[in-house]
Structures are given as structure tokens and as C-alpha cells.
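Chains as they are written, first to last, in our numbering: chain A, 702 to 950; chain B, 3 to 317; chain C, 31 to 336.
Hints in this document: simulated from the structure, not taken from any laboratory. Warning: the hint list may mix true and false statements.
[Said to hold, decoys possible] In the DMTMM-like style, the derived pairs of lysine to aspartate or glutamate whose C-alpha atoms are separated by at most 25 Å in a straight line are:
#1 Lys282/B / Glu139/C
#2 Lys896/A / Asp844/A
#3 Lys869/A / Asp883/A
#4 Lys896/A / Glu884/A
#5 Lys898/A / Glu704/A
#6 Lys869/A / Glu138/B
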Amino acid sequence: MSEALLRANSLVKRFGAVMASDGLNLEVYPGEVHALIGPNGAGKTTAVAQLSGEMCPDAGSVQFDGRDVTRLSADARARAGLARSFQITSLFLGFTAEDNVAMAIQAHQGHSFRFWGNAREDETLRDPARAVLARVGLDGREDVPAANLAHGEQRQLELAMALATEPKLLLLDEPMAGMGHDESQCMVELLVGLKGKLAILLVEHDMDVVFSLADRITVLVYGRSIASGAPEDIRVNAEVRDAYLGVDA
Amino acid sequence: MAALAVALLLPAVALGLDKPFFVTLASRMLIYGLAAASLDLILGFGGMVSFGHAAFFGVGGYTVGILSAHGFDGSAFLGLFPGGDNALIVWPLAMLVSGLLALVVGAVSLRTGGVYFIMITLAFAQMLYYFFVSLETYGGDDGLSMYGRSRLPGLDLSDDATFYYVCLALLLAFLWLGRRLVASRFGMVIAGVRENERRMVALGFPVYRYKLACFAIAGAVAGLAGALAANQTEFVSPGLMHWTKSGEIMVMVIMGGMGTLVGPVFGAAVFLLLEEVLSKWTEHWMIVLGPLLILIVLFAKRGLYGWLAGRGKTS
Amino acid sequence: MTALLVLEQVLNGLQLGVMLFLLAAGLTLIFGIMDLINLAHGSLYMVGAFVAASVSQWTGSFMLGLLAAMPAAAAVGMAVEMIALRTLYERNHLDQVLATFGLILFFNELVRIIWGPRAIFMDVPEALSGTIEIVPGAPYPAFRLAIIAVGIAVAVFLYFLISRTRIGMLIRAGASNREMVGALGVDVKLLFTLVFGLGAALAGLAGAMAGPIFAVEVGMGEGVLILTFVVIVIGGIGSVRGALVGALLVGLVDTLGRAFLPTLLRLVADPATADGVGASVASMSIYILMAAVLVWRPRGLFPAHG
Numbered sequence: 702m703s704e705a706l707l708r709a710n711s712l713v714k715r716f717g718a719v720m721a722s723d724g725l726n727l728e729v730y731p732g733e734v735h736a737l738i739g740p741n742g743a744g745k746t747t748a749v750a751q752l753s754g755e756m757c758p759d760a761g762s763v764q765f766d767g768r769d770v771t772r773l774s775a776d777a778r779a780r781a782g783l784a785r786s787f788q789i790t791s792l793f794l795g796f797t798a799e800d801n802v803a804m805a806i807q808a809h810q811g812h813s814f815r816f817w818g819n820a821r822e823d824e825t826l827r828d829p830a831r832a833v834l835a836r837v838g839l840d841g842r843e844d845v846p847a848a849n850l851a852h853g854e855q856r857q858l859e860l861a862m863a864l865a866t867e868p869k870l871l872l873l874d875e876p877m878a879g880m881g882h883d884e885s886q887c888m889v890e891l892l893v894g895l896k897g898k899l900a901i902l903l904v905e906h907d908m909d910v911v912f913s914l915a916d917r918i919t920v921l922v923y924g925r926s927i928a929s930g931a932p933e934d935i936r937v938n939a940e941v942r943d944a945y946l947g948v949d950a
Numbered sequence: 003m004a005a006l007a008v009a010l011l012l013p014a015v016a017l018g019l020d021k022p023f024f025v026t027l028a029s030r031m032l033i034y035g036l037a038a039a040s041l042d043l044i045l046g047f048g049g050m051v052s053f054g055h056a057a058f059f060g061v062g063g064y065t066v067g068i069l070s071a072h073g074f075d076g077s078a079f080l081g082l083f084p085g086g087d088n089a090l091i092v093w094p095l096a097m098l099v100s101g102l103l104a105l106v107v108g109a110v111s112l113r114t115g116g117v118y119f120i121m122i123t124l125a126f127a128q129m130l131y132y133f134f135v136s137l138e139t140y141g142g143d144d145g146l147s148m149y150g151r152s153r154l155p156g157l158d159l160s161d162d163a164t165f166y167y168v169c170l171a172l173l174l175a176f177l178w179l180g181r182r183l184v185a186s187r188f189g190m191v192i193a194g195v196r197e198n199e200r201r202m203v204a205l206g207f208p209v210y211r212y213k214l215a216c217f218a219i220a221g222a223v224a225g226l227a228g229a230l231a232a233n234q235t236e237f238v239s240p241g242l243m244h245w246t247k248s249g250e251i252m253v254m255v256i257m258g259g260m261g262t263l264v265g266p267v268f269g270a271a272v273f274l275l276l277e278e279v280l281s282k283w284t285e286h287w288m289i290v291l292g293p294l295l296i297l298i299v300l301f302a303k304r305g306l307y308g309w310l311a312g313r314g315k316t317s
Numbered sequence: 031m032t033a034l035l036v037l038e039q040v041l042n043g044l045q046l047g048v049m050l051f052l053l054a055a056g057l058t059l060i061f062g063i064m065d066l067i068n069l070a071h072g073s074l075y076m077v078g079a080f081v082a083a084s085v086s087q088w089t090g091s092f093m094l095g096l097l098a099a100m101p102a103a104a105a106v107g108m109a110v111e112m113i114a115l116r117t118l119y120e121r122n123h124l125d126q127v128l129a130t131f132g133l134i135l136f137f138n139e140l141v142r143i144i145w146g147p148r149a150i151f152m153d154v155p156e157a158l159s160g161t162i163e164i165v166p167g168a169p170y171p172a173f174r175l176a177i178i179a180v181g182i183a184v185a186v187f188l189y190f191l192i193s194r195t196r197i198g199m200l201i202r203a204g205a206s207n208r209e210m211v212g213a214l215g216v217d218v219k220l221l222f223t224l225v226f227g228l229g230a231a232l233a234g235l236a237g238a239m240a241g242p243i244f245a246v247e248v249g250m251g252e253g254v255l256i257l258t259f260v261v262i263v264i265g266g267i268g269s270v271r272g273a274l275v276g277a278l279l280v281g282l283v284d285t286l287g288r289a290f291l292p293t294l295l296r297l298v299a300d301p302a303t304a305d306g307v308g309a310s311v312a313s314m315s316i317y318i319l320m321a322a323v324l325v326w327r328p329r330g331l332f333p334a335h336g
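Start from the sequences and build out the full structure, keeping to the hints where you can.
Here it is as C-alpha cells:
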């Protein structure tokens with residue numbers, strides 16, 4: 702078994718009297734699809750925030766790619782290869798789809814203290830951007846302002862931007878939020894296509910999606926992981942069944 | 003674009019008529035236009051609501067003023083730097099000083115955001131105002147007179163028409179360079195930060211550095227505008243950096259159209275024109291400007307330029 | 031530099047601090063609860079001062095002037111809130127800054143029209159025109175002591191209002207969730223207007239008390255407004271406790287700096303340079319304090335929202 706790419710050690714995060722993270726442990730290995738599930742209020746959003754660097758844990762540590770990144774800022778983690786998508790769509794609504802992805806490509810291409818050349822005509826940005834858009838199924842929609850895209854297309858764009866930075870680990874926060882069944886299926890196929898090429902930590906509610914995609918699953922309840930392992934083991938785990946009363950697993 | 007062509011034709015017409023006052027007024031419009039355009043860089047494009055931009059404007063003016071005073075009596079600034087009025091040295095120096103100041107102010111202020119940022123930039127500008135008021139050696143509250151304008155080799159800046167064209171040339175140069183800046187990779191980052199800063203951070207941009215660079219550049223350009231303003235009146239006073247001046251420049255940007263660079267120039271022109279006309283009508287013209295501002299904010303968000311440009315297009 | 035001199039300056043610092051607190055408390059509440067950045071708060075201070083000056087001149091009683099200033103400022107404040115500011119609550123900060131900047135211009139000119147362009151001078155009330163020896167051998171103006179006392183009284187009053195009364199609870203609830211409070215049947219609009227009125231009354235009180243010490247003139251609100259902003263930034267937006275701590279800090283640093291920096295510098299430099307540099311640095315001292323606090327705590331000392 703190779704070294705964990707992303708490891709969370711006993712993360713603790715308190716908001717007043719509420720323990721959003723209560724000694725959370727998590728490991729994601731290179732190339733695997735790891736699903737993080739749990740009932741509402743389990744602390745998934747807080748966990749994601751601490752892993753991506755938007756929030757600092759009160760105690761515990763986070764390691765990524767062999768380094769301790771606990772005190773590292775979100776943008777530094779992104780540069781180190783940890784990309785994320787947001788649960789509530791977070792795009793540059795005033796820009797076109799291609800502009801959005803080009804921005805991500807630009808982020809990945811070193812510093813941007815270039816004051817002269819026209820960025821919109823820069824082929825080293827636009828060509829890869831179009832390629833990524835095609836990969837997620839948005840070819841033909843490059844010049845549409847992001848605000849005018851359908852909700853499902855916007856979620857695809859979210860994913861495209863994360864992919865464009867060529868990350869080692871993709872942190873997807875409910876990528877299929879608000880999508881209909883067919884759209885979700887497309888997204889699932891997309892993600893299946895990514896398997897093995899990079900690690901994916903997937904926060905998701907839809908159990909069908911989880912069981913069809915995940916190599917391993919961690920179940921989060923009240924801020925701590927109550928079970929972690931292969932899907933079949935999770936499916937029959939008694940504690941998990943209790944936490945998810947009535948889940949059709 | 004048509005509006006731009008009109009603006010270019012106006013100077014020739016104005017000079018043809020024997021009304022030298024208009025040349026002075028037009029020069030002021032160009033100078034404040036430059037200041038407003040520099041603010042647009044951080045406000046309109048960068049989304050940073052800085053209420054202390056006049057500080058950099060004023061400091062640029064004072065750099066020219068102080069060096070001119072020292073040059074006149076042969077003394078040296080702080081006992082080290084000789085004075086002078088060579089525009090090729092003094093004007094870039096004004097930009098350098100303002101730019102460095104903006105770097106320092108920005109370094110502290112940009113660690114915050116939202117309301118804190120607005121209040122802090124306001125506070126720093128006022129700090130500089132009080133500092134210059136307390137500077138008795140350089141006039142303090144009464145201001146400092148200059149003994150003539152800066153010297154440009156080959157051109158006589160004391161001639162108002164020549165001075166006007168120099169201002170115009172500098173403004174056009176900034177508008178052109180500014181456009182290139184905005185379209186560059188750097189400009190993209192600034193625009194992205196304005197649109198969605200959280201996203202930019204998630205993509206891996208060290209956002210603080212870019213904001214700071216933009217802030218410093220805008221400060222330096224404001225310093226140049228200040229140097230020109232000092233030249234125009236051959237006088238500098240702390241009033242150049244009073245926070246109400248910051249507010250006026252901000253109004254010019256909004257009235258003209260944020261995020262367009264050219265819009266604020268029109269905004270400055272209209273604002274100064276209004277000031278001239280209204281003050282002849284009543285000495286209490288400010289009472290009109292106040293509510294007018296409120297109405298503009300509530301209803302005319304895209305400003306003059308946005309309105310003019312929008313009429314020709316269908317989007 | 032005697033201990034008595036230091037004591038006198040410390041008291042001056044406290045007096046300035048207390049007046050800044052009156053302004054900052056209102057402003058920080060308005061900001062924290064309504065998310066409204068209000069540049070015209072200084073104008074309410076000015077209105078209070080002018081009304082107090084006029085009323086005390088007509089009636090010959092400082093007390094009446096003071097008592098008139100508070101409701102006057104509150105009334106003006108609430109009128110402005112209902113007419114102009116309500117539309118701004120939903121808007122972004124830039125719009126608020128510009129609109130309230132417009133209000134400042136308007137009020138300055140209005141005051142100039144009504145009262146004329148020259149400054150008015152207010153006399154210290156007879157009863158408080160003497161000095162009190164708080165420490166034997168150290169007489170201190172009674173009026174200034176009264177200001178400090180009033181300030182402490184207001185701080186205590188605000189503490190009880192906000193943490194112990196129903197209104198205070200509504201204010202705190204309205205801050206964290208406007209819609210919910212509205213859904214529970216509370217008239218949020220009225221609540222906000224009342225809060226604004228309270229802030230305005232405090233500003234008016236500060237203006238009335240400032241009258242005898244500083245000149246009552248157009249534009250007096252701006253200088254004090256900037257100081258108030260510095261106080262709020264240091265103290266943390268939305269926190270009355272932060273406003274108190276920040277105000278006292280700013281009051282003390284500014285007063286003591288101006289009084290003693292030139293003298294201190296004389297130890298290392300010649301008198302002319304020391305005085306010049308000392309005065310300049312002293313005028314910047316509170317901003318340096320603000321910068322220092324921000325480097326350490328970017329959201330102020332006691333931010334209300336975590």
C-alpha cells in the first residue's frame with residue numbers, strides 16, 4: 702500500500718459549543734476515488750474547509766503529498782496540486798466559459814506578473830482551455846457567458862476549472878448538487894473516466910453515485926469518522942446503518 | 003469610440019477661440035481625469051474601494067513642490083537631495099514616491115477587506131493630511147508656492163497651451179498603457195479577483211500580491227497627476243490630499259463609468275464643469291451635489307460612459 | 031515632566047476617549063447590525079453641537095441646550111434613515127459610502143445656510159466652570175470631569191440595554207438573522223430606525239458636550255469621524271466593548287503623544303527638530319497604533335462576528 706496522498710490527523714474544530722470536527726481522521730491514496738458521506742450536520746463542509754485551507758483547525762494536522770500543510774494557505778495548497786470545486790457554484794459569472802477555464806490554466810502556468818501581452822489572444826491559454834472544456838462535454842459552449850449556462854453546465858464548468866490546474870488530488874464538494882438524473886449520469890461517466898489518473902475526494906449525498914464510483918468510503922457522523930473502508934464493508938456496517946436510517950443500501 | 007474622437011477634437015476648437023480660461027479648465031479636466039482613471043484601475047477593475055486615493059495625488063504634488071522650493075533657494079531636501087525643477091527627473095520621482103507610499107499603505111490595508119479596507123484607506127489618507135499640515139517648513143496648512151512650472155527640454159511649460167498638450171499626451175499614454183495592462187495576464191487576475199476572490203484563491207493565485215501591485219501602480223499614476231496639478235496652479239497644499247478630495251475623485255469615477263478607464267475621464271470633465279457652472283449660480287452649490295450623488299448611486303450605476311456606449315449597442 | 035502633568039494629560043485622554051466612545055458605540059452598532067457604513071455619522075454630531083449652541087444661547091441654559099441636542103439629532107437621524115438610508119441596506123458598501131458622502135456635503139451646506147459660515151462659541155456652564163481637586167494640588171476642569179462621568183454612565187446604560195433588556199436582545203437577534211426576527215413578527219424596519227435613532231442621539235450628546243471645548247463649526251464632524259473609524263477598526267466592528275476599549279486607547283495615545291512626544295524627543299535631538307518631528311509623529315500616532323493592531327489582529331480586538 703503506497704503512502705497516503707492526503708491525510709487528516711485528529712482534526713478538531715469548534716464553533717462555540719459545537720464540535721464540527723471531533724478528532725477527524727482521513728486518508729486518501731493516490732489514484733483512488735474516496736467518498737466522504739454522512740448525514741446533514743455531520744461536519745462535511747467544515748472538513749472540506751480544513752482540508753482545502755480555507756479554515757484552520759483548532760488542533761490536529763493535515764498532510765498533503767508528504768508535506769505538513771496545516772498552516773499553509775488555500776492558494777498555496779492549490780499550487781501544490783490540491784484542486785477543489787465548490788458545492789455552491791462559484792464561477793466568474795461575467796466571463797465566458799472559456800475565460801473561466803483559461804483563468805485556471807493561467808493559475809497553473811507560473812506567475813502572472815505579465816503586463817503586456819493580450820491574455821485573451823494567448824494560444825497557450827486558450828488552446829488548453831478549449832481542450833478541457835471538450836473533455837467535460839462543454840465544447841460548443843466556449844463563448845457563452847458563465848451566467849447564461851444551464852445549471853448542469855455550470856457544474857461541469859466547476860469541474861473543468863478544477864481539472865485545468867492538473868491537480869494531484871481533486872476535492873469535489875457535491876459536484877452533482879442540483880442536477881437531474883441524466884445530467885448526473887454524464888458527470889458520473891466523466892468521473893469514471895478520471896479514475897486512476899488522479900486522486901478524488903468526493904463529498905456526496907447520492908448513494909447510487911457513491912457506490913458506483915468509490916473505491917473507498919469514509920462515513921462522517923458528529924465530526925468524526927465512524928467507519929472507513931471498501932464499499933461492500935460499509936454497506937453491511939451496523940453503525941453506518943444506524944446513522945443512515947432507511948438508506949436503501 | 004466616437005465619443006473619444008470628439009474629445010480629441012475639442013482642444014483645437016477651444017484654443018481657436020480667445021478664451022484662455024477654457025484652456026486652464028480643460029487642463030484641470032485632463033489632470034483630474036488622469037487621477038480618476040488611476041483610481042478606476044483599483045476601484046473599477048480591481049473592486050478595491052479605496053477612500054484614500056487623494057493621498058497619493060497629494061504626495062506627488064508635494065514631491066514636485068518641495069523639490070522646486072529647494073531648487074529655488076539652493077538648499078537640499080533633508081540635507082541630502084538637491085532640489086530642482088527638471089520635469090524629466092522630478093515627475094518620475096513623484097511617481098516613485100507615490101508608488102512607494104501606495105506600496106506601504108497597501109501592504110497594511112490589503113490585509114483586510116470590506117468595510118475595514120475602506121475605513122483604513124480613509125484613515126491613512128487623513129494621517130498624511132495631518133502630517134503635511136504639521137510640516138511648517140513646507141507651508142503647513144497654508145500650502146507651498148512654487149516658483150514656476152517644471153522645465154521640459156525643448157518645451158515651455160509656462161505657456162498654458164503647451165502645458166495642456168503635455169497633459170493630454172500623458173493622459174492618452176496612460177489610457178493606452180492602461181488598456182494593455184487590463185488585457186494582459188495581470189489584468190485578468192485583477193478582474194478575476196474582483197469577480198470572485200474566493201475562486202481565485204482556490205485556483206492557486208496569491209491574491210494579496212496582485213492586489214498590492216495594482217494598488218501601487220494606481221498610486222504611482224495618481225502621483226503623476228498630482229505632479230501635474232502642482233504645476234498647473236504652481237501651488238500645493240494639504241487640501242490636495244484631504245479625504246473629501248478622495249471622495250470627489252471617486253464620484254468622478256462612478257459618474258463616468260467604473261471599469262472603463264475612459265469613463266472616469268469624462269466623469270472628471272463633467273464634475274469640474276458642473277462645479278464651475280453651479281458655483282456661479284449659487285455659492286451653496288454643494289447642497290445640490292450631495293443629493294445628486296445619492297441619486298446617481300441609486301439609479302445611474304453604469305455612469306455616463308456606460309450610458310453612452312450602451313446606446314450604440316444591442317447585447 | 032511631573033506626575034501631576036501626566037495625570038492631567040491622562041484625564042484629558044480619557045475625556046477624549048469617552049467622547050469618541052459615544053460616537054463609536056452608535057456607529058459600530060449601526061455597522062454591526064445593519065451592515066451599513068455611514069459616513070454621515072459625524073454630521074449628526076455636528077447637528078447636536080449646533081442645536082445645543084443655539085438653544086443654550088436662547089435660553090441661557092447649557093443643560094437645556096444639551097437636552098435639546100439629543101432628540102434633535104435623533105430626529106434628524108431617524109428622518110434621514112427613513113428617507114435616504116433604507117434603500118442602502120441591501121446595497122454594497124461602495125454605494126453606501128458614496129451616498130452617505132453625499133449626505134455629508136448636503137448637511138455641511140445646510141448648516142452653513144441656517145447658521146452661517148462662521149464658528150459659534152459655546153460657554154462652559156456656570157455650575158461646571160470651576161475646577162475640582164481630585165488629587166490635592168492638581169486642579170482639573172470640572173466640565174471635563176463631567177464629560178468623563180457622562181461617558182461612563184452611557185457605557186453602563188448601553189451594557190444593560192444590550193445584554194439585559196428585551197430590546198437589547200432584539201437588537202442582537204436582528205444582527206444575526208434579520209429575516210428570522212421579521213418572521214417572528216418583530217417590525218425589523220422599526221427596530222433599525224430606533225437603533226439608528228439611538229446612535230444619532232449619542233452622537234448629538236457628544237456634539238453638545240464638545241461644544242464648549244472645541245469650536246462649533248461646519249465640517250467639525252469629519253475630523254472626529256475619521257478618529258471614530260480608527261476606534262472601530264481597532265475595537266472591532268459590531269462590538270460596543272471594542273468601541274470602549276478602542277476609544278480609550280485612541281484618546282490616550284493621541285493626547286499623551288501630542289503632549290509628551292516633543293518633550294521626549296528633546297532628549298535625543300535639538301529643540302527645534304524635536305518639536306517639529308514630535309508634532310508630526312504625534313499627529314500620526316493613532317494611525318500607527320491602528321496599523322500595529324491590524325497586523326496583529328486584522329479584524330480588530332473584539333470582533334463581534336467571528
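Structure-based check of all given hints:
no. : hint                : result
1   : Lys282/B / Glu139/C : holds (16 Å)
2   : Lys896/A / Asp844/A : violated (29 Å)
3   : Lys869/A / Asp883/A : violated (28 Å)
4   : Lys896/A / Glu884/A : holds (19 Å)
5   : Lys898/A / Glu704/A : holds (16 Å)
6   : Lys869/A / Glu138/B : violated (61 Å)
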